[in-house]
Amino acid sequence: MSQSAAPVLEARQISKRFPGVVALDGVSLALLPGEVHALVGENGAGKSTLIKVFTGVHRPDGGELIYNGAPAAFGTPLDAQRAGISTIYQEVNLVPMMSVARNLMLGREPRGRLGVIDTARMYGEAERILAGYGVVTDVRRPLRALGMGVQQMVALARAVAIDARVVIMDEPTSSLEPREVETLFSVIRKLRDDGIAVVYVSHRLDELYEVCDRVTVLRDGRVAHTGPLAELERLKLIALMLGRDLDEVRTGGLTRFSRDRRRARERDGARPVVQAEGLTRRQVLHGVDVSVWPGEVVGLGGLLGAGRSETAKGIVGALPLDAGRVLVAGLPLRTGSTTAAIRAGVSLLPEDRKAEGIIPALSVRENIALAALPSLSRAGVVSDAKIDKVVEVFMRRLRIKAASPHQPVQELSGGNQQKVLLARWLAIRPKILLLDEPTRGIDVGAKAEVQALVDELAEEGLGVLLISSDLEELVEGADRILVLREGAVVGELSGDDVTEDKIMASIAERGAESDG
Amino acid sequence: MTATPGREQVSRVLQQHGALMVLAALVIVGSVAFDSFATAGNAASVLVSSSFTAIIAVGMTFVIISGGIDLSVGSLFVFGGVLAAYGSQYGLFVALALPLAACGLVGLLQGLLIARTGMAPFIVTLAGLLGVRGLMLAISNEGATTYLVKDSAFARLGQGGVLGLTWPVYITALLAVAAMVLLQRTAFGQNVYAVGGNEQGAALMGVPVARTKVYVYLMSGLLAGLAGVLNAARLSSGVTILGIGLELDVIAAVVIGGTLLTGGAGGITGTIAGVLLLGVIQSLINQVGNLTSAFQQVVSGLFLALVVVAQRLLGRAQRLG
Chain A
1 MSQSAAPVLE ARQISKRFPG VVALDGVSLA LLPGEVHALV GENGAGKSTL
51 IKVFTGVHRP DGGELIYNGA PAAFGTPLDA QRAGISTIYQ EVNLVPMMSV
101 ARNLMLGREP RGRLGVIDTA RMYGEAERIL AGYGVVTDVR RPLRALGMGV
151 QQMVALARAV AIDARVVIMD EPTSSLEPRE VETLFSVIRK LRDDGIAVVY
201 VSHRLDELYE VCDRVTVLRD GRVAHTGPLA ELERLKLIAL MLGRDLDEVR
251 TGGLTRFSRD RRRARERDGA RPVVQAEGLT RRQVLHGVDV SVWPGEVVGL
301 GGLLGAGRSE TAKGIVGALP LDAGRVLVAG LPLRTGSTTA AIRAGVSLLP
351 EDRKAEGIIP ALSVRENIAL AALPSLSRAG VVSDAKIDKV VEVFMRRLRI
401 KAASPHQPVQ ELSGGNQQKV LLARWLAIRP KILLLDEPTR GIDVGAKAEV
451 QALVDELAEE GLGVLLISSD LEELVEGADR ILVLREGAVV GELSGDDVTE
501 DKIMASIAER GAESDG
Chain B
1 MTATPGREQV SRVLQQHGAL MVLAALVIVG SVAFDSFATA GNAASVLVSS
51 SFTAIIAVGM TFVIISGGID LSVGSLFVFG GVLAAYGSQY GLFVALALPL
101 AACGLVGLLQ GLLIARTGMA PFIVTLAGLL GVRGLMLAIS NEGATTYLVK
151 DSAFARLGQG GVLGLTWPVY ITALLAVAAM VLLQRTAFGQ NVYAVGGNEQ
201 GAALMGVPVA RTKVYVYLMS GLLAGLAGVL NAARLSSGVT ILGIGLELDV
251 IAAVVIGGTL LTGGAGGITG TIAGVLLLGV IQSLINQVGN LTSAFQQVVS
301 GLFLALVVVA QRLLGRAQRL G
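Going line by line, the protein sequences match chains A and B. Residue 393 in full-length UniProt numbering sits at position 393 of the first sequence, with consecutive numbering throughout. Residue 68 in full-length UniProt numbering sits at position 68 of the second sequence, with consecutive numbering throughout.
In isolation and in its complexed conformation, chain B is listed as follows (with noise of 0.2 Å):
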């Protein structure tokens, strides 16, 4: 009947940082098999390009562990990479504000309509992903149209930086470590936690439901706004036909980082990991190099399929009969 309380902290320990223990094990494959693999320019490589997916999916988390899901977030990056270039024609802060407070109205809007009118947050986001996505591509002539960045300062911000790691990448680190307080320190955090795994018992225990899912996807549509802002200092340009599919990665990465599908459960250091982890499997499947980058999405696949698997006997682990 009961899970004895050894076997119930395994099932624990693993469901919040299994991702980083396979990260850690591949990472010391990889070092063994691959002279190239662990070097500090690779190593740099592997932080910078994950950065982007980093910053969507801190937001993502948030949107899943309080029970929902949004896929308009790789529209909204795109959104946010054209709208940052087009406004560095006026300089540093207008590249910044003006994506951030476009792609925080749609998530606003988003937020609003799935907490207000109980809309289904698939539904709404999937909207929001068409949306955007269409607008981008009538503005951009069917995306034959790149905007370039025209300011230097901004794209010192996705070029320049210390170390042999570039901006993104600490500015990825920082707001990490702003979720993880955020999430677990503060109460909105709590409240986050407490309408993803009951919604009706989180309301009667006091819960501003309908204000904690705002806030949750506000966020989300503003992350994924910066993470285009950055991208498009790094190169210099807005182009309209990127992200595609972009929300599936990050949803992926998110639940191989432990995080709830059905919400209720989840973390910023395991979805930091899932993301390094998605990296890392492709920069792997570089080096064996004969095989081409679409193996990676079906190492990812796969691995997503065992996370999910390994969650539900986990989450069984946990519980009472």
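Extracted from the complex, chain A is given alone in its bound form (with noise of 0.2 Å):
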């Protein structure tokens, strides 16, 4: 690596603004030729607009980017591609369907006579292009027919074989196996010797240290760090990611859970309200045991990406398990259907409230309604003054503020619209409530609210599994907390021990080698 280079990509000052949120915020970053750049940060940090701005995506609103040492303005990805960004996303964003030799070769395909394409050489091409990242395959093969590693290096093939200068990977990791990340990182390091740029956003940790020579960062849309890798301690890191100052992890008070409630479980005779055991989904959770005692909150914690909702998910069938078994008050949950857990009283208050929770257009009265309407209704039939009942018991016990419980719910403020959400999973009395994010996006007053709301419900003997990448939230929330890091519980905390440095402690232990 020469560090003496001018950087081939460089970000200076860059802001880009979205309605009611600033996504970047002068933020400066300089790629050096030959280097393995991690782009780290939680969720909403700004990764993911820094990168399209950077591949022409979005065009920023402040600030510039220059590139080969020219001011430059992407206009479309296709510009930036043309110019040697090329980017591979989480995804792959090939084309399924299509044969690996097209994939690879479309826009570029070698013609023949007529401007007819040449196919027998279009495959020799791509054999050969794909033996040089160590695939071998029948290149006439669809593409959907291959692994998901073999995908992605077909993948970044295409990238760096349209010339490119730069190359951006957004967690490439995320859905190969061992075998393959160990291609993928020779590959990326013969990208490195060759002096291209590589830009790697992940939050495997043990793959950054591996991997990456420099990291910036990013941090509520600004640089919180940037420097040489190997110098930063995994638990400098990590307290940089969450925003959290190391000398003084405090774990006083800005939350409204009542402090006092942390108390030794009553165990005797109780039975778990929820069981998990050795939930397993390939590529996203390995084996995940979770329990959750009446009247309890367990807090997940673990970086972005480390399969907390996917556990609460899994718990509710909404995500398709490969193995393990939930129990209910002791009883087998069917996994696979949220109908089946939904009538055994588990209830999910999901991640992203727009796009699995409320409906905008119907009104507070029908949304709170709508999942306990069963309960609600005779033959099938649904009784109004049942409804009206219900409704006007959570309106007032949430404080949900609404003109009318007729007011459609998406005039209402996101603080409200999650209280009509919690209503809703509530009205269906359940045994255990599962909270993914119930505070992201909602103002001061209304956090206060909702936490003290699962304080209340946890005294009244609800089990509750939070989660919540505010690590304060979390701390002050929960009675105890489980651990995890690439699908996988790797420390449990109880007691005294539930503190923000012990969280990030063990966040950051180093992996254990993985089985495979």
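None of these hints come from the bench; they were simulated from the model.
Label pairs and their computed distance ranges (CB to CB):
(1) A:G336 x B:I28: 44 to 50 Å
(2) A:D118 x B:S152: 44 to 50 Å
(3) A:I359 x B:T292: 45 to 51 Å
(4) A:G124 x B:Q200: 26 to 32 Å
(5) A:N68 x B:F188: 31 to 37 Å
(6) A:G124 x B:G131: 47 to 53 Å
(7) A:I162 x B:A310: 34 to 40 Å
(8) B:I244 x A:A323: 51 to 57 Å
All residues carry an ideal CB built from backbone N, CA and C; glycine is no exception.
From these two lone chains plus the hints, build me the complex, please.
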């Protein structure tokens, strides 16, 4: 790596605003030829926006992009690609039904006489290119017939083959087997030796330390740190990502969880309200065990992509599992069926409330009653009186601020929308509530109310599984915390161990060798 | 987990050539069962009557592979025929150029609307279907007026021929070969597959998505118009009330031929086989004699359902778990 070389791509004070959000706020980053540059940050830190600015998907509102020493403005991803900036997206962005060779050569097929594609040469060239990546396969086969690793390699080969000077990889290993990861790394090192700048986005710390030279940490749209990776200890990196000062990790508080509640569970005689054993899903979850006792709030900690949401989805049957079982109050739950889970008393408040939760055009009343309709009706006929009663109770109890029960949910604030969703799931009288980022994107006041509510519900005996990227919320809200990393539970903290630094230490622990 | 290469290949061959195999089987069964089926005359009549559908189906194949649909082809078929008959009074050139220009223009407009504004192809081409059909009825006195072909050279285009087959059959064959080359061996063809297979991915891979879509609908409009022109030449007249529901027959033939309605896969050989299959089914039902031709639709419908189910299963076999 030649540190003295001029940057091949440089962001100077780049800003990007979206309605209501400042996604990037004066971000500067210089990419040197022949370096592998890690770009890390939690959800909403601005990583994707920055990548999209680099690749011409977004135009920056402020600042400038310098490419090869000259200001550059890419209008489309195609412009950026033609200039030599290639991106490999998390989900392979090729055409699954087309053959490997045609995917690889699309747009630059070798031509024969009359401008017609010379298929023999195309197949030969494709084979030769892929062999350079350690891939030997029948290039006539449709892409989708191959494993994800090979598909990823085809995407990479395609990206590099178009004379790329910068290759951006967004979570390239998220669907790869360990063996395939090794191949990928050797290719990345080869790119680096060829003087190509690689931007590597991943949440897997082991990988970052294995393959990256420098790191830039983004947080809340700003650069929190940039520098050589080897000199940065893991704990420090995590603290930077999560926005915590290592020296003064506080446990004191801004949240509204009552502090005196953390207590030893009385497990004697009581059964866990939900007990998930060995939840396994290829590439995502590797034998996760979670138990929640009545009246307990269990937190799931870990970085983005560690498998927290997937665990919750696995429990309610929204994520197909390869193995594992879920017991609700001691009775086995049919996996893979959300209907069965709801009937058994398991409710999930999903992470993305817009896409997976509220129905914007329906009223508050209808949104609340939706999941509980079976219990509010007789012989399929819904009782209006019963709905009114339930809706009234929850609107009062959750302090939902709406003009009337008939106001469309889309007109409410984010916090009130979240409360409506919470009401929907409480209306079915669940035994356990899975909350995935329940306070994300809602204002401080509403946040405190939701937090207080979680507390109250647990007091009443409900089991709660709490997922939050906000460490403070997790530490103060949960009685016990399971730390996940790469789809496996790597630590359990309870009692006095439930602190921010212990969680971070647990995340940072060097990963054991993958079992493959 | 992994589909064995053998199984995968079998399912691929079935997907691409299933219609051809069934066609061959039907021809053999028909030849054995009916003396009058395997005659040159019957074969010629199947080929001639299928050629018009086939020309439209070639265009439709491009549209469907690109992930779209074109419902306007039945109306454009009629539009082309009427304009050709009307134009024939000014000679052969006008009889050809006028309908092609007009149908091409409708196709182009539809393509632009779909590609540039992101409107659903179903709706845009439904509007095309209704609009053009309505226009036809309006100018023809609710279908009462028939436009007679005035040019004998033009009429020969539809009625003349060699070796017992009329020119439209040869034109169809030429077009099919050209379309095959276009689809399989040119960048444009590859772009059509890429757009239908993964539109977003295609855009990121540098495929001119909008332009590809515009061309595809333009082509479909032109070919539907051409089929109408040839049909008018065959009938020596432009009849406005023809071709109702033709778009559905064409779509059925394309899908039976192995092109996925969801886009991204398919081919011309399959489409031609699909068109001929429907033609042969019709012919066989005629052979049986005491069945009305309505049964052709019943059989086609059943066959279509079968093909769609088979495609689903084959698609699953080709994919990894």
